[in-house]
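Order-wise, the sequence lines are chains A and B. So the numbering used here is basically just the index in the first sequence, starting at one, shifted up by 11. Residue 226 in the numbering used here sits at position 231 of the second sequence, with consecutive numbering throughout.
It should be emphasised that the hints constitute simulated quantities derived from the structure, not laboratory data. Note that CB positions come from ideal geometry on N, CA and C, so glycine has one too. Worth double-checking, as some hints may not be accurate.
[What the hints assert, rightly or not] Only pairs whose alpha carbons sit at most 20 Å apart, straight line, appear in this in silico DMTMM-like list of lysine to aspartate or glutamate:
| id | chain 1 | residue 1 | chain 2 | residue 2 |
| --- | --- | --- | --- | --- |
| 1 | B | K172 | B | D133 |
| 2 | B | K204 | A | E64 |
| 3 | A | K126 | B | E205 |
| 4 | A | K126 | A | E64 |
| 5 | B | K160 | A | D125 |
| 6 | B | K204 | A | D71 |
| 7 | B | K277 | A | E83 |
| 8 | B | K277 | A | D81 |
| 9 | B | K99 | A | E47 |
[Stated by the list, open to error] Covered stretches of chain A, going by a simulated chain B footprint (3 or more residues, C-beta under 8 Å):
| id | stretch |
| --- | --- |
| 10 | 61 to 72 |
| 11 | 76 to 88 |
| 12 | 104 to 116 |
| 13 | 123 to 130 |
[As the list claims (entries may be wrong)] Now the in silico label distances, taken between C-beta atoms and shown as ranges:
| id | chain 1 | residue 1 | chain 2 | residue 2 | range |
| --- | --- | --- | --- | --- | --- |
| 14 | B | A220 | A | P55 | 51 to 59 Å |
| 15 | B | L254 | A | P55 | 42 to 50 Å |
| 16 | A | D59 | B | C200 | 20 to 28 Å |
| 17 | B | H143 | A | A15 | 25 to 33 Å |
| 18 | B | D256 | A | D81 | 49 to 57 Å |
Listed below, chain by chain, are the residues.
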Amino acid sequence: MVRALLAIALLLVTGGLAAAFGDKPERRPLYASAPEKFRQMQNPLASDAQAIEMGRRLFDRSCASCHVPDAEGRSKGPRLAPTGIREASPGALFWVIRSGNAAKGMPGFSQLPDKQKWQIVIYLGSLEEATPAETKANLR
Amino acid sequence: VRAKRLYQPVLFLALASLGMQAQHRPFFVTYNHSMEEKGNLEINNSNVAGSPRGGNAFLASELEFEYGATGWWTTAFYLDGQTTANESTIFNGFRWENRFRLLKHDHLFNPVVYVEFIRSNEGNKALREIVGHDSEADQAEPNSITHHEMEKEIETRFILSSNIKGWNIAENFIAEKPLKAAPWEFGYGFGVSRPLSFVPSATPCNFCKENFQVGAELYGGMGDADDFGFANTSHYIAPVVSWKLLNGTAFKFSPGFGLTDESHRFLIRFGVIYEIENFGHKFASLFRK
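Work the whole structure out from these sequences, hints included.
If you want it as structure tokens, here you go:
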């Protein structure tokens, strides 16, 4: 039994190393995998004037560490280009924030209440082309 | 040049920028499905203090280096030690822990498999898990005897974790096996927690409600393969609170209360966590031209 466990652990570690350091396939946007029922969802806060500001605060707190480049121009996660975001429906973005994708290093934020997730979605929709040029240093 | 090479990694650790914002688990024993973010290194010092009846008071300490190898695999290396009043301070051994997240998306139940190799002497008082018939009397044995008895063990956990209406609810089913001829020992951990607020303040601050997580964990032993059940086992209930600073440092505190005669009456756990964001990339860049 112990040997079997060690073998399974070794297999998982080997797989993990391959995933960590192996060649990466071309990235497909995460929102492209959103189930249809989420794609159809509309943002209930679309007319909430405060939602963008609250979404910005949440983004700075939970998302910026990966999606905003540091002072040297590097970012761990993909930069959220406004053109790409506009291709996704609000519901698809909501699903990405809620569900994450461990295989691609995106944590899920399912603990965040739905209202806060929609605030992030509405903030993302408000991004202008110049925004990704901001750096983490500016956010602190 | 040689001196520079030696200092470089130390300087790197000291100066690496912080800023990771994902939630860490506030528990000391129970695990949930939050994994270390890919490329991040968490340096964690956890301590537990107790005073067993018929023995001397102790402070056990462990230093953990936890690294996010991928989004679904977190690996951690621990060094354990303890000091016991009127006895000695000893190094206990090391642990190598691996957690594998089984599903890539968050669902109602999020399963994680945990496998850990432990090489430690019997004097280990870290109490990171309570299994089998672990009892307060184990920590009353003097260091002069226990530090000679080296053990190798495999610890496994099946972790289920859910996020429901802002609460994180985590269940751990623990099975531990000494590599010498001894039966499997079983235990459990159950924890609930939530941040004090999900609404971020207008300006980032250290004392904002959203930086605090509160909750409680319940953990204990369930006997072994030869004598399964709750008879003669230890159980604890422990409120937990964690506080995260803007620079990425977090503090955890948990007073634990024994629920059975075999349990310690009272344990205090506290820890400090220091997160280095994107460590893997920064470390690799030290060796690039």
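### Task
Confirm or reject the claim that H143/B and A15/A have a C-beta distance inside 25 to 33 Å.
The hint (25 to 33 Å, Cβ to Cβ) holds, given that H143/B and A15/A are roughly 31 Å apart.
### Message
Closer than 8 Å Cβ to Cβ for three or more residues is the test here. Does the stretch 104 to 116 of chain A pass it with chain B?
### Response
holds (count 8)
### Query
Is K277/B close enough to D81/A, meaning Cα to Cα at most 20 Å?
Holds: K277/B and D81/A sit about 12 Å apart, inside 20 Å.
### Task
Quickly compare the C-alpha distance for K204/B and E64/A to 20 Å and report which way the hint goes.
holds (18 Å)
### Query
Under the criterion that the straight-line Cα-Cα distance not exceed 20 Å, is the pair K172/B, D133/B satisfied?
holds (17 Å)
### Query
Given as covered by chain B, does the stretch 61 to 72 of chain A meet the bar of three residues or more with CB within less than 8 Å?
holds (count 5)
### Message
What's the verdict on K204/B and D71/A, does the C-alpha distance respect the 20 Å limit or exceed it?
### Response
holds (16 Å)
### Query
Honestly, do L254/B and P55/A meet the 42 to 50 Å range at C-beta?
Hint holds: Cβ distance 45 Å, inside 42 to 50 Å.
### Task
Given the hint of 49 to 57 Å, check if D256/B and D81/A actually sit that far apart at their C-beta atoms.
For D81/A against D256/B, whose Cβ atoms are near 55 Å apart, the range 49 to 57 Å holds.
#### Entry: Check of the stretch 123 to 130 of chain A against chain B for coverage (Cβ-Cβ below 8 Å, three residues minimum)
Answer holds; 3 residues pass the 8 Å Cβ test.
### Message
Please verify whether K99/B and E47/A have alpha carbons no more than 20 Å apart.
### Response
holds (18 Å)
### Verdict for D59/A, C200/B (Cβ pair) under range 20 to 28 Å
holds (24 Å)
When held up to the earlier numbered hints, the structure conflicts with none and fits them all.
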